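Model the full structure from these sequences, guided by the hints.
Here is what each chain is made of, one letter per residue.
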Amino acid sequence: DVQLEESGGALVQPGGSLRLSCAVSGFIFETYDMNWVRQAPGKGLEWISYISKSGNTVYTADSVKGRFTFSRDNAKNFLFLQMTSLRVDDTAIYFCAREAYFRPGTYYDSWGRGTLVIVSS
Amino acid sequence: DILLTQSPATLSVSPGERANLSCRASQNIGNFLGWYQQKPGQAPRLLMYSGSMRATGTPARFSGSGTGTVFTLTINSLEPEDSAVYYCQQRTNWPPFTFGPGTKVEIK
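From first to last, the protein sequence lines are chains A and B. The end of the first sequence is residue 121 by the numbering used here, with every number in the run present. The end of the second sequence is residue 1108 by the numbering used here, with every number in the run present.
A portion of the hints provided could be inaccurate.
[Said to hold, decoys possible] With a straight-line cut-off of 25 angstroms between C-alpha atoms, the simulated PhoX-like cross-links for lysine-lysine are:
#1 B:1108 x B:1039
#2 A:53 x A:76
#3 A:65 x A:53
#4 B:1039 x B:1104
#5 A:43 x B:1108
#6 B:1039 x A:43
#7 A:43 x B:1104
#8 A:65 x A:43
Please keep in mind that the hints were generated in silico from the structure rather than gathered at the bench. Remember, predicted model here, so these are calculated numbers, not experimental data.
What follows is the structure, encoded as structure tokens:
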């Protein structure tokens, strides 16, 4: 079974840092592009990052650019999200999502359950 | 950036009726559009891809149409389990890969 499991969510003060992880299993991780999507409480989905299979290409939403860093460890089957300079409006559930090829495009066919980040003083 | 708008924001439908959900893109995205369903407390689930193709496990009562800038998700013979928020997302090669604001489908 394909599984994605996020961890690392916590309560953190504004200006603080946090590292989220997404552990994957049940598929060959290095053959899939991955994404992070977040959802503020009671709000819609916000795409924040894409990372290619190799990790060499990363796209980032303007809302987190310069503050969040995205990486992956294909040997250990992990996706990472390093968050710095956190703001109250970063409060959200953070999902990792696998990007699969559905000719001719790609879409998110598997998602983790998400991990909650609360930024508050 | 490509912006997506969805209408209506909320749709209240009786079981057995049809629901039509609209998604409009600010520029031509061909058929690079996906639909996701999210139920309370759950992760989103891919429902449709390429505008009109059902993902694995999507019931046949769901159908998608449209190309370019106007897309529609239709749910025929609505069932109580279809109560959810539905999001469209553009998946061209150009980030950001924005989602629409969502349409909440409520069962009367």
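Quiz item: Any hints this thing doesn't respect? Which numbers, in order?
Solution: Checked against the structure, no hint fails, so every one of them is satisfied.
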